[in-house]
Amino acid sequence: MKINDAFWGVLLMALGAAVLLAVRGYPNIPGQPVGPALFPGLIALGLCAGGALLVWQGWRDRAHGPWLAWEDWVRSPKHARALAFLLGSVVFYILVSDALGFLITAVLMLMALFRSLQVAWGRSAFWAVVATLVVHFAFYKLLRVPLPWGILTPMAW
Amino acid sequence: MWTAVGQAFSMVFEPYTLMVMVFASLYGLFVGSVPGLTATMATALLVPVTFFMPPIPAVAAMVTATAMAIFSGDIPGCLLRIPGTPASAAYTDEAYAMTRKGQAEKALGAGLVFSAVGGLFGTVVLIVAAPALADFALNFSSFEYFWLVLLGLTCAVFISTGSPIKGLMMLCLGLLVACVGLGNPAGFPRFTFGNTEMSGGIGMIAMMIGMFAISEIIRYVVDTSPPAELVVEEVSGVLKGQWALAKKYPKQIMRGSVLGTAVGALPGAGADIAAWMSYAVSKKFSKEPEKFGTGHVEGIVESGSANNSALAGAWIPALVFGIPGDSITAIVIGVLYMKNMNPGPTLFTTNPQNIYAVFLLFIVANLIMIPLGILCIKVAKRILRVPREILMPMILLFCVVGTFAINNSVFQVGVMLANKFPVAPAILGVVLGGMLEENFITSMIKSNGDLMAFVSRPIALALAILTALVWFAPLLLRVLRKPAVPA
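Protein chains in written order, with my numbering: chain A, 303 to 459; chain B, 84 to 570.
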């Protein structure tokens with residue numbers, strides 16, 4: 303997805319302004335001319351200046367390109383769906399891994415991703431289970447990361 | 084000194100470290116030769132694993148894996164015309180043309196042998212330059228450090244990116260992320276929105292895994308180009324004729340290595356830009372420039388040594404000043420901090436054995452690259468057939484688990500939308516933001532707010548002038564710059 307630079311310029315200027323607003327109330331280090339507001343303040347000024355430049359560039363180039371150009375994958379439902387699954391699966395993991403436990407969450411997540419990438423059902427199931435067990439072994443057993451057990455807690459090994 | 088060297092030897096040549104190096108090599112060779120997985124991603128994925136290792140094996144894993152990955156990126160470039168890592172992109176067409184002429188083994192052999200040569204050259208420069216520079220840097224005060232960091236960030240913005248303004252904006256965003264939390268000279272909670280998880284700052288490692296690894300998975304998922312065809316079936320005898328090439332092109336090897344090390348040492352420009360520049364230089368000064376692009380080995384020899392020497396070059400500013408020379412060392416610096424091996428000139432005086440061990444690791448990694456590389460070329464056909472639709476989801480799971488393993492909290496995995504905004508300056512901004520602010524504020528307090536103090540010491544003044552030059556001579560640099568590949 304390619305959006306005209308002016309759009310990003312406006313966004314950056316807004317961010318810069320918000321930061322300037324936020325650091326206004328920060329106190330100085332006692333007895334010093336400086337404080338925690340100075341550095342972010344300078345960055346915010348940079349964001350505003352750069353944002354303004356991008357707006358100007360985008361406005362200047364508006365004749366050469368559309369305001370919003372989609373890349374090829376947007377027109378291909380297959381690819382767009384794969385991307386949605388990819389981002390969705392991370393959110394899914396964050397939301398349910400504690401409740402369902404790592405093993406179930408990971409198998410479901412991998413199955414969904416494999417299927418969205420056109421892997422056959424059998425192969426998907428096989429690799430989802432194998433990869434989950436390997437990652438679980440590596441992180442839980444070898445590296446001692448406390449991966450959640452969730453509803454499988456009674457049978458934790 | 085010799086006792087420290089002895090200690091370094093015993094740290095490197097102990098079974099555990101050697102085992103880590105062998106596994107890291109195989110891992111690096113694999114990641115490099117799978118198109119779509121880069122050396123930077125290899126490093127990012129290693130972070131959760133190295134988290135649980137002692138310092139030297141952790142560094143060993145990163146040094147070997149990246150060296151191998153930069154070489155093995157040549158393999159799919161040569162056989163499929165898809166560079167395995169951006170660092171191989173400069174001469175992919177050349178290598179593929181050689182394969183079509185039936186010279187695949189010569190192209191791969193040249194890539195392997197001169198990668199090792201370039202890597203060793205860069206290592207020698209690292210060994211000679213780093214301690215001398217550290218000695219010099221011991222006299223630096225906050226003023227010099229302020230300019231040094233600013234110079235590094237300036238280079239990152241102006242040298243490696245297509246659009247300096249976008250680079251600058253990404254840098255500002257990175258610096259802003261570095262501001263989040265309590266970690267500032269005043270210890271004042273900034274931009275935390277009252278959230279306790281934010282007061283520790285935004286997890287750098289989580290962000291890097293998100294930016295480097297996950298963005299590559301996204302790029303794979305939305306890639307609509309058709310799959311490539313494998314042209315050769317078997318490649319063997321890669322070392323044949325390499326000695327003759329070395330005798331024929333000594334100047335090219337030297338030039339590639341020197342340029343590669345120098346570009347690597349510049350912050351923000353890494354192996355990929357070193358390879359592009361070397362390839363262009365090679366063509367420009369060649370006696371037979373008309374042969375370039377038709378399957379001529381000269382450019383591969385030169386830029387193949389350049390990209391590997393850049394890896395070692397990038398460690399010079401990383402170890403001496405804590406300023407990463409490329410996106411790989413940006414991750415490495417994060418790991419060094421976690422391992423209490425804080426980079427800086429004092430690292431050379433207080434724990435010299437660790438530095439010698441790093442040097443040794445580089446030498447060993449570049450030497451074992453040749454036998455393991457031959458092995459990898461032999462099985463290349465199989466690696467290239469690894470189904471990526473199965474690999475990528477597994478890597479995603481690994482990223483997610485790895486990120487949470489380090490923070491132990493379900494906080495966030497940053498994902499960037501690719502809009503031709505360069506990622507490298509943002510990463511450097513996050514890594515160096517704290518250092519920049521600390522030296523800036525310390526200097527301001529020392530000088531009581533007098534800005535003239537920033538240029539009143541001779542070295543500080545020189546660095547300030549250099550920084551200003553980079554800012555105001557972007558036109559000159561633009562002429563030298565080659566199309567940058569996203570990091």
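No lab work stands behind these hints: they were computed from the structure. A portion of the hints provided could be inaccurate.
Pairs of lysine to aspartate or glutamate residues, derived as EDC-like cross-links and limited to a Cα-Cα distance of at most 16 Å, are as follows [stated by the list, open to error]:
#1 Lys380(A) / Asp306(B)
#2 Lys366(B) / Asp176(B)
#3 Lys334(B) / Glu371(B)
#4 Lys374(B) / Asp176(B)
#5 Lys331(B) / Glu371(B)
#6 Lys380(A) / Glu472(B)
Has the given pair, Lys331(B) with Glu371(B), been kept, meaning a C-alpha gap of at most 16 Å?
Given pair Lys331(B), Glu371(B) holds - Cα atoms ~13 Å apart, limit 16 Å.
Between Lys366(B) and Asp176(B), does the CA-CA distance stay at or below 16 Å?
holds (14 Å)
For a C-alpha distance cap of 16 Å, please report whether Lys334(B) and Glu371(B) respect it.
The given pair, whose Cα atoms are some 15 Å apart, holds under the 16 Å limit.
Within 16 Å, alpha carbon to alpha carbon, are Lys380(A) and Asp306(B)?
holds (11 Å)
Does Lys380(A) pair with Glu472(B) here, judged by a C-alpha cut-off of 16 Å?
Distance of about 13 Å is within 16 Å: holds.
Need the status of pair Lys374(B), Asp176(B): alpha-carbon distance at most 16 Å?
Holds: Lys374(B) and Asp176(B) sit about 13 Å apart, inside 16 Å.
Hint compliance for this structure: every hint is met.
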